Amino acid sequence: MDFPSRARAAVPAFAVVVLAACCAVLRARAQQLAPAVLEATFDIPAFPAEVVRPFSFGLRSVVADLMFLEAIQIHGGRGSKAQTLEKGGHDDRALNRLLTYATDLDPKFAGAYRFAGNAMPRQTADGKVTNVLQAVALLTKGVRERGDDWRIPFTLAFLQSYYLGRFDEAGRNFAVAAKLPGAPPYVGFLATRSSIEGGDLQFAEQLARAMLEQATEESTQQEWQERLRDLRMERDLRDIEAAAARFSARRGHAPESLAALVNAGELAAVPREPHGGRYLLSPQGEARSSAKPRLRIRGRQGTVAGLEVR
Amino acid sequence: MTDSLRASWIIAGNTVRELVRSKLLHNLIFFAVLLIASSMFVAQLTIGQWDRVILDMGLAAIELSGVLVAVLIGVGLVAGEIERRTVFPTLARPLSRGAFLLGRFLGLFAMMAVSVVLMMAVLAGVLRLAGYGVSSSVAVAALLILLELALMAAAALLFGSFTKPILASAFSLSLFLVGHLLSDLKAFQQRSQSELAKALTGVAYRMLPDLELLNVKSLAANELPVPHGLAQAGALYAVAYAAGLLVIAVVIFSRRDLK
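Respectively, the protein sequence lines represent chains Z and U. The number in my numbering is simply the position in the first sequence, starting from 1, with 41 added. The number in my numbering is simply the position in the second sequence, starting from 1, with 26 added.
If you are wondering where the hints come from, they were derived from the structure by calculation, not from laboratory data. Keep in mind the model is a prediction, meaning the values are calculated, not measured. No residue lacks a Cβ here, since even glycine has one placed at the ideal position from N, Cα and C. Some clues are possibly wrong.
[What the hints assert, rightly or not] Sample of chain U residues at the chain Z side, in silico, Cβ under 8 Å:
1) 32
2) 33
3) 71
4) 74
5) 75
6) 78
7) 83
8) 239
Excised from the complex, chain Z in its bound form (with noise of 0.2 Å):
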């Protein structure tokens, strides 16, 4: 083959060579003259049920077990270092969108539920917790599909008087969580204490009368008996309590004793202690008792420690 055949031949090839250097050269410039991804773009989009459902496709628990276990990815991700809220935003709208529609594609998923009360609220480093109100949507769908499962309602009301401070609305589902098979009896106690810091007092004690009819084991049926006088005790301090607010109100200064309310006839007469101990008054107006301390979730003030609650 002479030279000028040969370099013919070699044309083609060439003529690769130097247009896949061009791209590669091309490729690099495009790439730095493209736009940043933006982060949005990998966000979990928010399809409404209506659609994702039906195009699973009669497949439904398996698509909602994807979703699931890729929740449980992102949330493993995270790590134990807390982020600012803006940072970890991301990661929370991608946990609560997975759990949404794992919840819609399959209601009765109580994993996802029980999932969804444990890791999507989250304290972030700039002294905010956020994605509790999500939380509590779920949980709160979650109590009226799966109310046999008493972790789920147990769940709503941590989250409700932990985070929210809604301590009667915790005090009921606790209540829900209580009368549910498996519940441990710590439940109900817990029903009666969130009642009582709710300030339902009536409702506390028709759960823990409740709970005392069901008890089967004697030693359960002690502690409900316990925890009725301790309710008992707690309306009487309340009503010691209010009648003292009225006489200083009255009169101007505050009661010396219990004996002079009844005096007085803001207190019909000084109420038996249940537990066998004595009421005490204060000068500031607060009742107590010489038995047993008052039944109380102490420094909650609607928020936890003043965190600004999402």
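Position chain U relative to chain Z; hints supplied.
Same frame as chain Z, but now just chain U:
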């Protein structure tokens, strides 16, 4: 009548013998078994809920591979034979076309039953390895899957009786997809403003098979009992629907000019 049944029985036996040697069937079952076994590893990615993930993946694998067997093999048993012209020597014998079709269906159903039992055994083994058992809901779910497969096989034979294999496969798979969307179709009908769309979707809703009635996989995976009477009603519905499809298939196939 007795001769037709005997002929159907013979055709069914031959179909089973053919399918035992079918590489497509072997591959689909192997794929499903692999998927069921791998669910053990996928389950480890979750927190608790191992049994749920294994059951979901296992039952889905059984259903999907079963549907592929019912459709691809079911279509091949009639439409494929017509296209390859291998059906003529069989039909040249003293045998009605209805008996041929029924025999094909029975043979295919027998093989599907064997494959579902085999895959359920593997699923039970995987669950056992993970420390769980098989509940009655899971058994009911598997039985309803088998009946869904029977319905799909009947649909594949029906479509295969009047059209080409590729079209018959497409129609059958579409029926499977639409069959799981009927509740959404009804919702669409209720929301639609057009009277024509309402009428059309209403007809489709009543005519198409509601395969969601045979879907209790979610209940099984959530360890919830199947509502009383649902399994029986669903099973009878599937049997009746499959029988109806087979009757239409026999009528069409008997009148079809195969030349």
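Checked hints:
no. : hint : result
1   : 32   : violated (38 Å)
2   : 33   : violated (36 Å)
3   : 71   : holds (5 Å)
4   : 74   : holds (6 Å)
5   : 75   : holds (4 Å)
6   : 78   : holds (7 Å)
7   : 83   : holds (6 Å)
8   : 239  : violated (11 Å)
When the structure is compared with the earlier hints, violations turn up for hints 1, 2 and 8 and for no others.
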